[in-house]
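Fit chain G to the supplied structure of chain W, relying on the hints for placement.
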Amino acid sequence: MAVEIRTGRGLYRITSAAAAQVDTNGIVVTLGLERADGIERVVFRCRVSRALLDTPNPAPDAIILRISPWLEREFEVTREAAIKSIRTDRKLLEVVFDRAHPGPF
Amino acid sequence: MSLQLIKPDINIDFVGKRFFFVTLSTAINLASILLLIFVGLNYGVDFVGGSVVQLKFDRPTSGERIRQALGSLDLGEITVQDFGAAGQNQFLARFETVKNIGSLGRRIESALNQSYGDSNKVQVLRVETVGAKVGRDLRRDGFLAVAVATIFMGIYIALQFRGVSWSFGAGAVIALIHDVLVVTGALVLSRLIDPPGLNFDLTTLAALLTVIGYSVHDTIIVSDRIREDAAKRRREPLDSIMNRAINETLSRTILTSGTALTVLLSLLLLGGPILRPAAFTLFIGIITGTYSSIYIAGPVVLFWEGGKRPRSTAARAA
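Chains as they are written, first to last, in numbering that gives the first Met the number 0: chain W, 0 to 104; chain G, 0 to 317.
Heads up, a few of these hints could be off.
Label pairs and their computed distance ranges (CB to CB) [unchecked claim]:
no., chain 1, residue 1, chain 2, residue 2, range
1, W, Thr87, G, Gly15, 43 to 51 Å
2, G, Val147, W, Arg46, 43 to 51 Å
3, W, Met0, G, Ile192, 27 to 35 Å
4, G, Gly130, W, Glu71, 24 to 32 Å
5, G, Asp81, W, Asp60, 15 to 23 Å
6, G, Asp117, W, Gly7, 38 to 46 Å
7, G, Asp117, W, Pro55, 49 to 57 Å
8, W, Pro55, G, Gly271, 25 to 33 Å
9, W, Ala35, G, Asp140, 26 to 34 Å
10, W, Lys83, G, Gln80, 14 to 22 Å
If you are wondering where the hints come from, they were derived from the structure by calculation, not from laboratory data.
Idealized CB from N, CA, C, for every residue including glycine.
Isolated chain W (complex conformation) (with noise of 0.2 Å):
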């Protein structure tokens, strides 16, 4: 599954990059970022909080749903930690959506 984004920087498909990771804490989603013309991509982790999920198991499918219209708002300074965290820290963003930053939960 694919969730487009309107950004400044053009048409951004949002997709799973890696399988979701369930424990007791909640879920953790991988997800790639590409431009819809291929020319950049980069993967970043959304770690949520069980406190804020709905169905303990939740698809990762719905996750994007819901994350998509949060990281079109947020495009800009989430692209940029997640290229930032990769090139110089060689490790994948993590955003946590918790209690405290529920985010678009």
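Below, chain G without anything else, positioned relative to chain W:
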């Protein structure tokens, strides 16, 4: 009790050894020019265009194996570089002229997963692309920035020290050209020693401009002391005044350069592969900038004035 690295009455004959060091610098500069012409810098994607793809594998693999796996995609020339710490299994693949850019990340991921199978899963973490024209424009603008910075610094110093001699401007410009050539030569040398060498990208260019700023700052300190001493010691020959000024500012020169180099050394060793080209540029640049303030900028003024006092100070002395 204060820490004293350099004795206040130190008197090293820097100016007396100028012929040796000018000859040495000329030889290094000529070697740098030859390296730049015949080998060239390892331009990053910013300057030549193309794509950079950062890959992460589950298990260890090699650059050659990745190149083989991507060969079927017909993406033009591919450079694969091991990236990151041991055990991270991360690689940077560079495509200088991507023939078919669309969906690059997905095509690469699929080709690699097909080639490696389930034994070693791969993830495309990042794809960045710069068009060939944008790359050319950035390269032209980058060199223009270095040239304009050098010329304007020279004009500024010439105006500031016009009371002593206009040749201070020429000395500063020649010292700056020397620094830029030594640093770019060292970057090319890294390409010969450890291919594909250090990347010359926008960050490295920013570091090069910083080197120009640092070097001119160091030259101003020495030139300013020469101006002060020339006014105080009106009957002393210029080479003696110059040597005295260099010795008087030596403690400050060593302390400022030394502390900057300490920071840069840790950045060079611990900053990781992305920061390494910029840290290397700054490290070599600060060493050569300090050296050129002593052995290049001053001797140019001496050659220009023929070893005599500049006319303006000589007139005041009379």
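Taking the hints in turn, this is what the structure says about them:
For the pair W/Thr87 and G/Gly15, the beta carbons lie near 47 Å from each other, so the given range of 43 to 51 Å is met. A hinted range of 43 to 51 Å holds for the C-beta pair G/Val147 and W/Arg46, which are about 48 Å apart. Between W/Met0 and G/Ile192 the beta carbons are some 48 Å apart, a value that contradicts the proposed interval 27 to 35 Å. The beta-carbon spacing between G/Gly130 and W/Glu71, approximately 26 Å, falls within the hinted interval of 24 to 32 Å.
Between G/Asp81 and W/Asp60 the C-beta distance comes to about 35 Å, which lies outside the given range of 15 to 23 Å. Restraint check, G/Asp117 to W/Gly7: a C-beta distance of roughly 39 Å satisfies the suggested window 38 to 46 Å. Range check, G/Asp117 to W/Pro55: Cβ separation about 29 Å, and the 49 to 57 Å hint is violated. As the Cβ distance of W/Pro55 to G/Gly271 is approximately 40 Å, the hint placing it in 25 to 33 Å is violated.
In this structure the hint that W/Ala35 and G/Asp140 lie 26 to 34 Å apart at CB holds, the actual value being about 29 Å. The hint said 14 to 22 Å for the Cβ distance between W/Lys83 and G/Gln80, and at roughly 19 Å that hint holds.
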